[in-house]
Amino acid sequence: MENSPTTLGSKGLINKHEFLRVIIQCLYSLGYKKSASCLEIESGVRYKSIEFDLLESQILSGDWDDCIDTLNKIKDVKDDTRSSVLFLVFKQCFLEFLNRGDDSLALSVLQKRVPTLHMSNETVHKLAYNILALKEMELGKLDEDVISELRKRLVMELGKQLPPPIVLPERRLEHLVETSVTAQIDSCIYHNSQDAVLLYEDHCCGRDQIPTETVQILTEHSNEVWFIQFSNNGEYLASSSSDCTAIIWKVMDNDKLTMKHVLRSHQNPVSFVAWSPDDTKLLTCGNLEVLKLWDVETGTCKHTFGDHGFTVSSCAWFPDSKRIVCGSSDPGKGICMWDCDGNEMKAWRGMRMPKVLDLAVTSDGENLISIFSDKEIRILNLRTNAEQVIFEEHSITSLSVSIDSKFFIVNLNGQEIHLRDVAGKWAKPLKYTGHKQNKYVIRSCFGGINSMFIASGSENTQVKSLLFMFS
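When the sequence shown is numbered by the UniProt record's numbering, its final residue is 471 and no position is left out of the sequence of numbers.
Honestly, I wouldn't trust all of these hints.
[Said to hold, decoys possible] Here are the simulated DMTMM-like cross-link-like pairs (lysine to aspartate or glutamate), alpha carbons at most 25 Å apart as the crow flies:
| # | residue 1 | residue 2 |
| --- | --- | --- |
| 1 | Lys406 | Asp320 |
| 2 | Lys431 | Glu393 |
| 3 | Lys75 | Glu157 |
| 4 | Lys160 | Glu40 |
| 5 | Lys75 | Glu96 |
| 6 | Lys346 | Asp279 |
| 7 | Lys48 | Glu149 |
| 8 | Lys152 | Asp103 |
| 9 | Lys302 | Glu235 |
[Claimed, not checked] Beta-carbon label-pair distances, calculated as ranges:
| # | residue 1 | residue 2 | range |
| --- | --- | --- | --- |
| 10 | Lys126 | Lys33 | 38 to 44 Å |
| 11 | Lys428 | Lys322 | 35 to 41 Å |
| 12 | Pro5 | Ser193 | 51 to 57 Å |
What the hints contain is simulated information worked out from the structure, not anything from laboratory work. The beta-carbon is built from N, C-alpha and C at its ideal position, and this holds for glycine as well.
All chains, please: the whole structure from these sequences, using the hints.
Structural data, given as structure tokens:
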């Protein structure tokens with residue numbers, strides 16, 4: 001086509017030849033071979049480069065000398081990549097020579113060809129040992145179909161290792177589109193949907209993605225509600241109250257909540273609840289009291305923890321739904337890990353350990369994060385026992401961890417919420433303000449798809465802030 005532009009797009013950033021190649025590759029990968037072939041003919045653009053087309057032909061026909069020569073002539077290939085693909089070719093040569101009884105040629109490949117690649121002696125010895133071991137097993141000669149299949153696999157392996165533009169990465173167009181869609185989602189400040197993103201227009205969510213309307217008021221508690229938490233599968237809601245009860249609510253098909261169980265056994269207000277990862281069990285924390293384990297289906301109390309001088313302040317589950325960890329509000333009592341029958345499995349104690357105010361186990365089970373009355377945050381890696389200690393200027397009241405285990409937030413009496421990374425790579429936290437917190441414990445939390453925003457209550461009784469985090 002005469003005077004055809006070589007670039008596409010309003011900014012001229014897309015090379016037309018490359019664009020056509022990835023389209024043709026996509027058509028082949030989707031099974032539209034005739035359409036792909038027609039586009040190759042009409043555009044004059046080949047999906048496979050001349051070099052790779054030649055390599056494929058030489059490998060499938062067993063023309064090893066020409067194949068090796070072609071690989072050595074290809075430009076812009078790093079030495080280690082060239083050595084790696086040549087080694088694969090020599091390996092196939094070695095196997096085929098042995099298979100047809102040309103032991104001298106096979107030995108020549110091993111003694112003369114392979115050493116030029118400067119591979120480790122271990123790699124060379126492993127190659128010889130593995131193939132000779134196969135021969136000694138006397139499985140007989142490999143038939144032509146097996147050899148043909150091995151050659152096809154070699155072509156595929158070279159396709160994975162040789163760089164562009166000799167070979168296109170697999171499903172390149174899909175990757176480019178997916179990267180673009182992901183970037184649009186990441187830049188969408190209100191994104192809160194699991195629906196597929198349409199390709200027909202640029203993605204952008206409105207504020208209506210964030211819930212702002214009251215749809216139901218639950219009045220069964222007779223006093224203040226101190227904490228609520230949905231189950232992991234979204235089928236239940238648990239609420240705790242200063243009326244000394246907790247309630248399990250069932251989410252109906254119309255998204256309305258109906259009461260399933262009232263949990264009565266605590267002598268003090270219930271300050272906190274925690275769902276097991278499999279949603280079959282629920283923990284309830286009595287304020288300066290004990291911890292109770294409940295069966296979600298029956299609403300019966302299965303066990304009481306902390307009735308021997310261990311006053312529970314906080315609790316969390318491990319990913320296996322079989323172990324729990326609890327913090328004590330008594331100085332020196334520390335943190336205990338129990339199984340569901342109340343057997344102590346591990347403990348972190350010390351005479352100088354301050355009150356544990358809140359704690360959490362990351363969903364991957366890697367880290368135990370705790371906050372203390374002396375304004376400390378401690379992150380304990382449960383696998384390595386390495387510990388990070390972070391000091392805050394103001395008293396810390398609560399803790400919440402993101403669903404992907406990468407971030408956590410703490411509420412401070414200084415009327416700030418601090419967002420930190422679990423890995424400890426950030427020099428400073430991200431800080432959020434706007435809510436009021438002086439007298440009460442406010443448990444801000446992550447919300448939305450992939451924990452994309454932070455939700456917080458406020459003591460002014462009028463504001464519930466939605467504070468968005470950076471993706």
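The hints, checked one at a time:
no., hint, verdict
1, Lys406 x Asp320, "19 Å, holds"
2, Lys431 x Glu393, "13 Å, holds"
3, Lys75 x Glu157, "19 Å, holds"
4, Lys160 x Glu40, "22 Å, holds"
5, Lys75 x Glu96, "28 Å, violated"
6, Lys346 x Asp279, "24 Å, holds"
7, Lys48 x Glu149, "20 Å, holds"
8, Lys152 x Asp103, "24 Å, holds"
9, Lys302 x Glu235, "21 Å, holds"
10, Lys126 x Lys33: 38 to 44 Å, "39 Å, holds"
11, Lys428 x Lys322: 35 to 41 Å, "38 Å, holds"
12, Pro5 x Ser193: 51 to 57 Å, "38 Å, violated"
When the structure is compared with the earlier hints, violations turn up for hints 5, 12 and for no others.
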